[in-house]
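Q: Residue numbers (full-length UniProt numbering), protein chains in the order written: chain A, 1 to 362; chain B, 1 to 362; chain C, 1 to 362; chain D, 1 to 362.
You may find that some hints are simply not true.
Because identical chains share one entry, a pair is satisfied inside a single copy or across any pair of copies.
[Said to hold, decoys possible] In silico DSS-like pairs for lysine-lysine, Cα to Cα no more than 30 Å straight-line:
| no. | residue 1 | residue 2 |
| --- | --- | --- |
| 1 | Lys341 | Lys213 |
| 2 | Lys27 | Lys341 |
| 3 | Lys213 | Lys277 |
| 4 | Lys277 | Lys27 |
| 5 | Lys341 | Lys277 |
| 6 | Lys213 | Lys279 |
Hints are computed from structural coordinates only; laboratory data are not their basis.
So you can see what is in the structure, the chains are spelled out below.
Number of protein chains: 4
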Amino acid sequence: MTVEAAFHERPGISEARSQYYGRLAEKSARPLWEVLSSLVTPVPRDRTSAAIWRYREMRPLISEGARLITPEEAERRVLILENPGLPGSAQITQTLYAGLQMIAPGEVAPSHRHVASALRYVMEGEGAYTAVNGERTTMRPGDFILTPSWQWHDHGNPGGSEVVWLDGLDIPIANFFCTSFAQHHPQTTQPVAHRPGDALHQFGMGLLPLEYKLDGMSAPVFVYPFERSQCALQHLQASGHHNPWHGIKLQYSNPATGGSPMPTISAFLQLLPAGFKGKSYRSTDATVFCASSGRGRTWVGDTELAWETNDVFVVPSWQPVRHEAEEESILFSFSDRVAQKALGIWREEYLEADQEPVQANV
Amino acid sequence: MTVEAAFHERPGISEARSQYYGRLAEKSARPLWEVLSSLVTPVPRDRTSAAIWRYREMRPLISEGARLITPEEAERRVLILENPGLPGSAQITQTLYAGLQMIAPGEVAPSHRHVASALRYVMEGEGAYTAVNGERTTMRPGDFILTPSWQWHDHGNPGGSEVVWLDGLDIPIANFFCTSFAQHHPQTTQPVAHRPGDALHQFGMGLLPLEYKLDGMSAPVFVYPFERSQCALQHLQASGHHNPWHGIKLQYSNPATGGSPMPTISAFLQLLPAGFKGKSYRSTDATVFCASSGRGRTWVGDTELAWETNDVFVVPSWQPVRHEAEEESILFSFSDRVAQKALGIWREEYLEADQEPVQANV
Amino acid sequence: MTVEAAFHERPGISEARSQYYGRLAEKSARPLWEVLSSLVTPVPRDRTSAAIWRYREMRPLISEGARLITPEEAERRVLILENPGLPGSAQITQTLYAGLQMIAPGEVAPSHRHVASALRYVMEGEGAYTAVNGERTTMRPGDFILTPSWQWHDHGNPGGSEVVWLDGLDIPIANFFCTSFAQHHPQTTQPVAHRPGDALHQFGMGLLPLEYKLDGMSAPVFVYPFERSQCALQHLQASGHHNPWHGIKLQYSNPATGGSPMPTISAFLQLLPAGFKGKSYRSTDATVFCASSGRGRTWVGDTELAWETNDVFVVPSWQPVRHEAEEESILFSFSDRVAQKALGIWREEYLEADQEPVQANV
Amino acid sequence: MTVEAAFHERPGISEARSQYYGRLAEKSARPLWEVLSSLVTPVPRDRTSAAIWRYREMRPLISEGARLITPEEAERRVLILENPGLPGSAQITQTLYAGLQMIAPGEVAPSHRHVASALRYVMEGEGAYTAVNGERTTMRPGDFILTPSWQWHDHGNPGGSEVVWLDGLDIPIANFFCTSFAQHHPQTTQPVAHRPGDALHQFGMGLLPLEYKLDGMSAPVFVYPFERSQCALQHLQASGHHNPWHGIKLQYSNPATGGSPMPTISAFLQLLPAGFKGKSYRSTDATVFCASSGRGRTWVGDTELAWETNDVFVVPSWQPVRHEAEEESILFSFSDRVAQKALGIWREEYLEADQEPVQANV
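Just chain A, with the same shape it has in the complex (with noise of 0.2 Å):
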C-alpha cells in the first residue's frame, strides 16, 4: 500500500501550549489536534500483517498438544492464530480471532455458552461431533458448522480419529463493545434432544416451519454439509460462471432471512479453477482464508503467500489482494463483514476494472 499524507498537520508546539496541555491533562482531557491524524485517518490504518499458517507445521505442534493437555483441562484445547502484528492479542485480525481446534477419539469438550459467535471449519479428519442446543451434527472435512450466540455448545469425539478443525470467532468485537457473558452448562455434555438432521431438515432444504418466526439473529441451521457446498460451487463452474476477481464465489446464506448465518461474521467458499489468475481487489474487511483443498498463491499487496490444503491465511483491511491456483482449490474465508455492513461502514473496491475502479458503499 502506498504511504498516505496525513489528514491533518499537527499544528507546531510552543512553550505556552505545553504547559497547556500539561493542565488539561490534568483534567482528562487532550487537544484533539495533537492526535487528529492518527485519530481521523485518510485510508484505514490496519495495525495487523498478512500471515500464513502453514498445515504441515501446525499439525505437529497440535498433535503435540494433545499429549501435553487434556480437553477438560483446557476446556477447549485450541492453538490461537495470533495475528504476527498483533503479538499477544489473541486477535488474527483487528475483530477477529482464530484457532486450531482438535479432538481426539474418545475426548469431550464441555458444554459452555457465551455471547461470542463462533464457526467450525473442518479440516481433517470425521466422526467428532459439535451439539447445538441439544443436536449433535457430524463433523466431516469441509462442513462449515456454527455455534451462535448465547447458545450451549459441545465437541465429542466418538469415532477413531483426530478431528481437527478452524474455530473463527467475534471474541475482540464482544470484548471491544464490552458484552461479554459465559457460562457452562451444568453438565459436561447437554443433553441430546433432537434427532441429527433436525434443524437441517426443518431449515435446509427450501421450506420453513409453518409460521416460523425467527428467535435472534442467527442461522437456525447450524451446519452447512461440504457436500451441499462443493456440489453448487462445481455445479456453477460447470456451467461458466466465473468472476475475474473471485473465480466462482459464494456466501453462507440464513435461510430464515437471505443474510449472513451469524450477526458479526460474514463467510464464502469460493472455487479457484486450475490456473486461475485472479484480478485484484481490496475491501476493509480483514479476511481469514482456509484452504480447503488445492494449491495456489495469494499476493497481498506485494506479499506473496503460497498455500496448500488446510494451510491458513490473513489478508489485513484495505490490503489489495488477487488470488492465483495452480489446481482446482477451494478457498474458504470469514470476515466481520456482515457487521460493517450492519454499521454502515463496509467498502470495497475491484481493482483492475476495465475502466476506472469501482467503489462500493461509498
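Please arrange chains B, C and D on chain A, whose structure you already have, making use of the hints.
A: Using the frame of chain A, we list chains B, C and D on its own:
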C-alpha cells in the same frame, strides 16, 4: 458490582508445556487455555471507569484554547474528554470519542468528511451554524445535530458569542474495524445549496418527499431542535408519563426508518422531575451523559457523580446506574446501543424491579 | 389512452367444443382459453370512471341527512361517494371506499372497531373530536386523522359548529380478502385514558419512547395536524422545490417506520402554486383527491374535472392525469399504493418526460 | 359456522328518507347506514363454498381437451376450477385462480409474461419443462414451480408422456387492484440462456452468490424439487415432529428472504401420517389443497370432502377445517396468506385447543 469468578481455571504450567508454548510462539500461535479466562469473561470487563468533567472547570480551559490556536490550524478546536481508565486513548468509552468544541465569533472550522459519524449537542451560545451537505443549521442550546458518516460538514460563527458544544463520535469503532477514510473539501467552507430548514421541512413534519428512498443509513434530517424535544418531554411529564428508572426518556429517531439517527450511535433525552430518585439498571452500552439543565447526582455502582448544567459524565458498561435530581433536569445521552443491537450483543437489566431483575436480549 | 389489443385471441367455437364446455360446467370447470383475454389483460382494466363530487352540491345533502337521521341510529352518518362506474357497490375505486361524514353539535358517533382501516380528512368546522384508543384529538380543517385497523374509535362534537370530513376506508380490500371483523365497544363513548396530544408528543416530535417497539402495522401517532403539513409545503415552495408533475408533493409517514401510516392506504398532500400546469403521469393506484383549498382542474385522459375547495374527485387506475391550478391550491389524496407495493404490483409512468416515459417497478 | 348477528341494525325507512335517498343517488351518493351491515360484517363473509374436484373425473376431461384444442391456439390449455359459489368468475377463492393444465408430448405453450404470479404443482407425468428467464426445469410429480410476476415463461414437452399440473395464480388480485399487464415474447419459445439447475445451485444449497441483492419480490430459485420437500417431511416425521392441527407442515420459503416465494401467494406442504385425525382450526386465508398422495377426508364446517391422490379441494375463509388421513398422505396447499399479512389483515384461530381458542394477529 460483585467480583465474578473467572470463566475458566488456567491449567498449571510444566516444563514440557512451557517449552511447547515457546515453540508455538515461533509460529505465531499460542495456547488458548493460557488466556481463555481473560478472553471469554463471565461478565463484561470494561477498562474504562466512571468519570465526570465539570463545565465550570472545563469552560476556562476552552477559552484558553481559543487564545492558543485557531480552528483552521486545529482543523477542529476540541478538547477530547479522555476516560481516566484509558489514558492516551482519545476514548471516553471503549467505542466512543467525546470532546468539547468551541467556535468563536468570526471563526470557521473547515469543511471535511470522514467515515466516522458525529453528533453535536449544543451547550452554550447562539449564532454559529453547522453545515451538512449544503444546508446550514443555526445551533442553539439543546439542539441535537448530526454530521453523518461521509457527509461534508463544516462549522462557522457569524454571530457575536462563543458557541460551545459536545461532540460525540464513533472514531474508535471506525478504527477498530479498520474502516477510516477522510477527505478535505476543495473549499474551506462548502457552498450553500439549500435554505435553512429544508431538511427539517422535508423530513421532520410527519411527511416525507414523494416516493422517498433513504440514501445510506443516517437520518435525512440533521437537526433535532431543542424547542421540539423539550416540548415533548414537558407534555409527557404533564401527562404523568414516568418511568421509575429513567424519568421521562425518549430516543432520537430517524424519521425515514424509526431507528437510530445514525447506525453506530444512539442518542437519548430525558427529563428528571425535581426530587426524582431513580431505580437502578445496567446495560452493556457504556453511556456518555450531558446535563443539559438542572442539578442532580448519578450513582455508578458506589461512585457518586454530582452534576450540574453542562457537566459531562460517563458510565461504563454493565455498571448499575441510578439518577437523582435536585431540581428538574434534562439529561442528554449517547451510546453505541444501536451498534450493539445490530450485532446482536446488547443486553440490559432492570434492577430493583418489584420481582426479579428483568433481562432483555439474553 | 389508446385502445389496447386483447392479449389472446379467443379460439373459434365448434359443436364438439360447445358440448365439451357444457360437460366442463357440470364439474365446475371451464376452458381458460374462452376467457383468457378478459382475465389477463395487456393493461389494467378499471371498471370505475373519473368522477367529481362538488362540495356546494353535497353540503346541503349532508345537512339534510342530519335532519333525517341521528348518528346513533346511523352508527356513522355518512354519504358514501359511489363511483358512477360501479353503481350499488359502495366503492369509489375498486379497492377503496369514500364518504362524507358530518357530526353536529352535541352529537356522538358510537365507539366501535373493525378490521378495515380508516382515514379522515377534515373539510369544515371545528370542535369535534375523534377518539382512538383512549385519546381524543380535536379535528381542525386540513387535519389528517387515522383510525387504524382494529382500534376502538368514536367521534363526538362538544363544540358549536357542524364538522364535516372525508372518510377513506379499505372496506373493499377487507371484503375481497374475506377478512372483515367488527365489534361494538361496551360503552357508547370509550373512556378517556390519555391527555390530548400524548401520541403526538410521544411519536411526532422527532423522538420515540425509549426502546419503543411498534405494535401492529399502523402509525402510533393518529393525527397529522394541518398546521404542520401546510408549514412543510409552504417552506418547500419558498425554497423552490418543485416537481413538474406534482408541484410540491409529500407523503404522510409513519414515524416508527418511515412507511405509510397504514398498511393498506397511502396518503399525500401537495401544493400546486397559482398558475401551475402539471405534466401528465399515470399509475396503477386509482386515487381519491380532495381539494383542501384553492381552485383548479385535473385532466384524466380527455375528461376535465374542474374543482374548488372541498370538492372530491377520483382518478381510475392507469389513466393519464395532469393538474392545473388557477390559484394556489392544496390537494389531499389517498390510494392503495402501499398495498400494491407490498404485493409487488404497483407501476407508475411519467409521461411528457424529456426523453422516454420513465417507468417505475416494471 | 354459527350465524353471526349483523354489526348494525338498518334504520327504518320513511317517505322523507326514501326521497332523500333518491336525490343522493342522482349525485352518485348513498347513505352508509342503509348498507353498513353488509359492508362491515362481524365475521368474514365469503361468497365461495367448500368444493372438491376429483382427479378421476377431471382427468378424462383433460385428455378430451387435448384432442379439441392445441396449446398454441389456447395459449395455455387449462381447465379452470371455478368455485361453485362464484359461477362465471374464474375464481376458486375470492382472490385466487386455479386450473388443471396439460401438455402432451411434442407440444409447447408459448412464451409470455404477466403481472399475475403463478405457481405450478406437478401431478402426473414426467419429461415436460417450464422455462423461466432463460432456464428450463424438468417437471416431476410433486415439484413446486414458480413463474413469478412479470417473468417470461413457457412450457414444452419433449418427453413421451402427458404431463399434468395444478396452476395457481393471483389473477383476481391483479384485477381487483387494476394492475394487470401482459405481453407475448417475440419468440414462441424463449431462448435458453442457462443450464438446468443453475438457479437451484446458486440459491438453493444454503449459499447465495457473493453480494447478492434480490431483484423484485419473488424467490430467485423457481423450482422446489419434490425429492427434497418429501425428504424433509419424512425426516421430521421420523423425528416425531407432529402438530395436532396440521401433522407435519412446512411452508415454501424464498432463500433470499425467508419469506414467501412470491409476494401474493403462500404455499405449504404437509404430511398426514396414516390414521391422522387433526384438530380443527380456521383462518382468513381461503386455501386450495391438492392431495399429492394418499387418501383421507377434510371437514369444512359440516361438509365432508373425501379425497385421494391428485384431487383438488378448496376451503373458504374462516371455516373450521380439520383433516383426517386413512393412509399416509401429502397435501400441497396455497393461499393468499402472505398478501393478507402484508396488509395486516390475516387472522387465525386454533380450535379444540386445550384451553381457549388461540387467536393470532388480532
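Q: Each hint: holds or not?
A: Each hint tested on the structure:
no., hint, verdict
1, Lys341 to Lys213, "both (23 Å within a copy, 14 Å between copies)"
2, Lys27 to Lys341, "neither (37 Å within a copy, 33 Å between copies)"
3, Lys213 to Lys277, "between (44 Å within a copy, 26 Å between copies)"
4, Lys277 to Lys27, "between (57 Å within a copy, 29 Å between copies)"
5, Lys341 to Lys277, "within (28 Å within a copy, 40 Å between copies)"
6, Lys213 to Lys279, "between (41 Å within a copy, 23 Å between copies)"
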